[in-house]
Every structure is written in structure tokens, then in C-alpha cells.
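Undergrad: Chain residues, written in single-letter form:
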Amino acid sequence: MTRDETGADLIAAEDVLLFVNAAITSTGQREFHSGADEQSLSLDFLHHYLLGNYRDLYAATLALDVNDHNAVLIARNLLVTTAEATPEQRRAEGRLIARRLALLPPQRVYGLFRELRRARVNNRRTRAIMRDWLAARPDPAFDAVKYRSAVKDVTRHAHLAPAGELGPFLFTPHRPAVYTTPILETWRRAHYERAALYDLPYTVAEGFAARHGIARGTFLERIAPRLTRLERLRLQESARDLGADAVRADLTTMPLTRLASYVLALSLEDRRSRRAELTSALRAAARRTAGEQAGRWGTVAAVLDDSFSAYGSGQKRRRPLAVALACHFLLEALAAEYTPLWLSGRSDALDVRPYGPTPLGERILDGLELGPDRLVIVSDGWDNAPPGLAGEVLRIWRTRLDPSHACGIVHLNPVYDAADFDVRRLAPAVPTAGIRDAETLVALVELAQFAEGRTGLAELRAHLAQRVEDFLREDT
Amino acid sequence: MTDLSLNGLATRPSQVWGGVRLVPLVRDEPIEDLRLDAQVYDADVGVVAVGPRIAYCSYIPHGFVATWADDGTPAAAYGTQLRNPADRDRAPARMPLRFHHRMARRVDKNRLRFLPLHLALEGYLALHFGGPEIAWEEWSQQAIRRGLSPRVEEAYTGAAVRGLADALRVFEIHPGQCGVLVYVADALAAAFVVPHPDDYRALHSTLVHDLYGELIYHYAMLGGPVPAFKARIADTTVRSLADLRAAAAAQRDEWATFHDEVMAGGLLSGDYTYEYVQEVGPYRLSRLMPSFERQRDNHIGELIDDDAGRLAYLKTFRLSENQVRRGHLLTRLAAGDWRLSTTAAAMGVTEFELVRRIEAAGFGYLLRQDLRDHYRARARR
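First to last, the sequence lines map onto chains A and B.
Last residue of the first sequence: 479 in the numbering used here, with the numbers rising by one and none dropped.
Last residue of the second sequence: 1335 in the numbering used here, with the numbers rising by one and none dropped.
You may find that some hints are simply not true.
Unchecked claim - Restraint-style ranges between C-beta atoms, simulated for each label pair:
#1 A11(A) with D1189(B): 30 to 36 Å
#2 F48(A) with A1314(B): 46 to 52 Å
#3 D351(A) with A1113(B): 55 to 61 Å
#4 A1113(B) with P171(A): 53 to 59 Å
#5 D1189(B) with A465(A): 34 to 40 Å
By construction, these hints were calculated from the structure, which means they are not laboratory data.
These figures come from a predicted structure and were not determined experimentally.
Yeah, the Cβ is synthetic: ideal placement off N, Cα and C, and Gly gets one too.
Take the sequences, apply the hints, and build the full model.
TA: What follows is the structure in C-alpha cells.
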């Protein structure tokens, strides 16, 4: 530390980093070691703590890579407590919220608006945000069909006058004998005509299909052209079992972590028989993510966690393992020379499955022995064979064997530890960052190396201000 | 009398969850020609006919089936089997009961069904079950005629032991793991060893259906979280990565030695009596009885081993302090031919004190009523 900073400043900086880690990793869902209640309770506390103490920093985290669940929570908490903010704060927050909502998937935003309605939050700012967001939607009629009850709730709550046929559609849907808007007319016809439902969005058509008693296989075969990219990925396997071969996801366009999750959901035999296809899809996604950084990272070793705890939970199935697998392919693309070290000792990345203990210490030793430029550890941090060895190895490496930091070590943790209000750390000398999607790995590693010492509040504020500015500028 | 040893099993670092510590035991070479699998019973309460006119009633959620190959070729486990009981076995629907013939029973030429832990518990309950062998005048008519019957002990299921279910859920099974030692508040609660890693994976979760003594239940309820034995390396001795690796290996060995000598010392250094139950192909199923020495761990159990002394199967139950006292008292009484004066002299206490102990252990009904009244009146004086 070069400047003299008060203890309060340091604590503030640490609190914010703590919160950012939590907001990146936790989704309030069940994890391997803690239940959904513990996760949301712990996360809720952090939100309220930060909101009460550092309101402007709390709002600024919207500009960071916090996950959708937390972005919605932040927006909600800010809107609920509008009365506590000064006019300047409100203006800044309003812009951040509007920008963030534009990036979120629409169902999340509708969820947020309905949540605000349930919480009876109806201040002028909230109504304005709802109005602007709805006005910016590309196709209001499509939204009205796909998110019908949500659009109805929001329209009612924000005192909006729906344009054209949307008013009757939302509030007296069966009164008009015919609609002129095509999608609304299709929706009306789908009540009586089987063929019409295949022109509706999948989620809406699914209900009509059940009503008409259409067999699942036939339905999937014919609805295939209307499926979104992720619906296609999700339904592909079950559709194939039902004989609907039209549902084919183009794996080469999928985001990296999603793709890794998909690969891990396949059985081992499937993975082996489709090895070439899966590997090339993963490599393509990784190269796309790496962008211009590809091949520039020098020699890289990665310690990747495939212990039993990487299974995650029934709600987040194999999420930690999927992140590790995605990181594996991304690092392969980034590095000039790359060595993966899976904890189980497996060398084939497509064969990984969550099984066995977590001997992190030994694998880190193996990694350090290779003498890489960078060592990346992707693990939930539950080092147990033996416990604490990873911390000791890293401490001694940093203090005695490599005091000049020739090898950059970063620990990325995909799991939020509810009891500690942070991701689990391995050693104080090695920076730990929460990670949700492997796509953010480059930014996280750069940031972690910059923050290897303890960051002061002033630097952190400057960094956040920069990020906020970039975030808002992307808008225009 | 011989001691117990974990032959062929190596200790790996423990995993801690709250107050529960699980220590994995890994086998270098799995035993292929003896396999265990669980048989789930639909009735929770079981009645076992252990001998003529003697029945053992207990909560029995599952039994184990040992299968072995006569010619030593690898034998596959059958997987968990659900079996419909014959109609004769079905009791009224409100209180399902299952009747078992004997604790260990040959169900086929090379299959043996036995009830885990109950074999051991029955051995403990049947300890000097016949009562006084010589009808000294102190003993009541009931003691002479019916012995200790009915003899009752209480235990808790693993699900009632706080934190055990979660600890088993988050436990990461080692490759090649064939056994586990369960510690609650760092008191050894149970040891469980099976022949093959696949069997262990299948049977790991049955630990939560097992029985645990009152002592373990209370330790789990009242004890706080136990610390993990974290690796510690003195950094002054480390000059290179090789030093670091050697120090890490030393940590692992240190833990294994410490565990086997100190933490599991109560189990492994105990003095046990083996009681042979049944042949299982080339293996022997026997029952384990402790010395009932007070103020130390006393585990009852059952085990399967071969002639070379290689441990194939082990399951133990830790007796609570009161249970140890009862076992101790019965053993001493039997050693003194059930004569109060001889036993009291051998134990170095007065007869009056011995009677008080018998009553406190819950065996008061064995003594004649007028004798008990006499001693009680003397105590009041």
C-alpha cells in the first residue's frame, strides 16, 4: 500500500469485491454444499448490506459481469428504495438500470416487473423504466403473445395504454372476431386449428399442442423452425429419442459454457462416439471467445476440478464441472503451450465426470513443476486430500520459491460459499475470483493480476467509474 | 482373544462436515471373489428367530447378501434387489413386520444373507442371556426360570444423528475406497469395510440407515464442529519444489500414522473375542465381542476375513457407557459363577455396592425382592 488509507476504506473495498464475487457466482440455487435457502439468505444479506452502506458502488456493480439473477435483484432493491436516494443518485441509477435491463433476457425483466408489482412499488421512476423498456421492445405483439400475463400485469401496473389491437388482446382476448395483426390472428386460430399453432412461439404452442392432444414427437418435428437457439439445444436429445430429427442445434454457434454443459449431459458412450463433432464445436466456441488474445498467453498450466463436488446440485447440474471444461478449451485456445491437469488424473477432457476427492495441493505441485508463465486453478476450493495442502503449497511457493511472481497464479471459483459470504479461497497470496461463465475468464484473470495486492477504495472507485462509463457508452 | 487390524487397507485424509469426520480406507487390491449387495426390506421392523423360542425384534431396513465364486473367479454384484416377501410374511398393513430365519442364512449354494450390525447386536444382547447357572438363593424365580429375557437395548438410526446424513451426502468417495471410519465429535462411532470398491459405492448411503448408540447421538447433538487436520509445512526447510513435494508426502504419512495409532486406537487396540458364525466360501463370518473394560471404547461388530487374516468385511457399533457397564457387570457375574459374594470380592467392592450396581444397570429384577428391600433399608439407615 503506497497511500495512507483509513481502515474503513480498506474494509469498503473488500466488501465491494466480496459482493462482486457473490453476485457473479451465486444464483440463489442449491449448491453441492449448501441449500437454496442458505444461498438466497446469504446473498440477500450481502445485497442489503451493500445497498445500505455503499449505495453508489452497489448501483455501479450493474456495469460488471454480475449474473442475471443478481442484476435483477440489484435493480429491484434500487427501485424499492428510491426514496432514500438523492436526485443525482437517482439519475445515475436510472441510466444503469435501463442499460442493464436492455441486456437482460426479456423473461427476466418481466419477472422483475411482476416482482415490483407484488412488492407494491409504483413510484414514478419505476413506471418510467417500465414504459421505456416496453417501448424499446422490437415486437410488442410477439411479446404480448409469448409473455401474455406478464405484459398484462406490467401494462396495468405502469398505467400504460396498449397500442392498437393489443388492448383488446390483453384484456378481452376472445371478443374480437378477427385480428389484423398476424401473430394475434394466429393465436386466435390456434384455439381451433391445429396447423396454426406451429406459427406461434414454442412455449405458447406447447400449451396449445397439449390442448389439441398432439403427440410430442409430431409437435417437436413441426415446431422445429420456430425454436430459439437455446430451446433447440435443450430439446435436441429428447427430440431425437422421440424421432423428431428436425430439432438440430447448430453446435458451432453455441456459447462456450452452454456447450460444455450440453456435452457433460451426454452419456460417456455418446461423448466417445461423437468425439470429433463435440471437440470441434468446443474448440470453435473457445476460439471465438478468445478473439484476438488467442495464442498470446505463453505457457499455461491449468488445475481443473473434477472431484465429486463439481457435480453441483440437482438445480445446477454439473455447473462447476461445465465451467472447468469450458475453461479447459478456452485456455487451450489462449495459450501457446497448454497443459491441463484434472484432479482425477484423467487426460481426456471429453471423458470427465464428477467423481473422487479433491487433491488440489498435489496437482498444483504438478502444475508448478512444469514452470508455466501462468497457472490457472478452476475449483470450488474444497481442498480435502489432505485439507489445506493447496494453501500451504501456494504460500510457500509465493514466499520462498517464487517471490518475484514469475508465474502468475489465479484461482477461479464457480461456487459461492453461503456460510463465508464469499467464494472459498485457497491462500491469501493468490487472488481468487468468482466465475460464472468461462467467457469472462480473460477479463477476470487480467483483473485478478492487477488486484493481486490489496486494492484501495480510491482505485476501486476509479475502476468502477471507468467500467460504468464504458458500459453506458456501449448504449449509443 | 486377538486384536483387530485393518489388514490391506490404507488410511486417506479425512473429510469433515460439521461434527462428523469420515476417514476413507482404500484397498490396493480389491477382493474380487466375495461381493456384498444390499437387500432392501419393505417392513422396517423385523423379527428374527435366532434359536428355539428366542426371537430378536428390531428396526431392520436392509440385509446384505454375500456372493462368492467357488473357483475364485470374479463375481459380479447383483445390484440392489427389491424382493416381494411371500404372503406368509405379511403382517397387518398398519405395522409391517418381517420374519427372518436366523441372522445369517444361506439362501443359495453360494449366497449368504445376513443382517448387518444385527448379528453383532444380537451377540451383545444374548450375552449371558441364560441368567444364573447355579440357583444361588439371591436370584429371583424369574431370573432362574427365564434368564434375562426380555433383554432390551436402544439405539438411534443414522438419520437421527445430527449432521451424519449431510456428511455422507457431501463425502467424496476415493477411487478404490473400500471402507470408512465414522467419527462423531471425534469419537469413533462406526467402522465399515467391504470387499470391493463397487460394493462400497453401492452401500455408502446405507450408513445412514445403520444403528448408532446413545453416546453418538448425544455427541452429535451437543458437540460443535470438529477441526479439519490441515496440512502444515514448515517453510524454513523448503528450498525447492522437490522439498515441497517431499514435505507434502510426509504430511500424508503423518496423518495416516496419527489416525491409525491415536484416533482409531480405541478400536484397533481393543481386546476382542471372536465368535465364529458361518463359512462364506473361503471366508469366515464371525462376531466380535469387546472386553467390556470400562472408561474406554468398546465396539461390538461382525467381520468376514480369510485364513491369511485379510479383512473382507467389517461393521462395528460403539457401545454407550451404560451398555458397557451392563456388559461388564454380566461378564463379571458370570466369571464369579453368579455368586454375589465372590463377584463382589473379585471386583473389590462390598456386596451392598454390587447390588446397587446391578439395580442401577437395570437388572434389579434378577434379584429377589426381599433382598433388594433389605439392602435398600440398610442404605437408608
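Undergrad: What are the numbers of the hints that this structure violates, sorted from low to high?
TA: Number 3 only.
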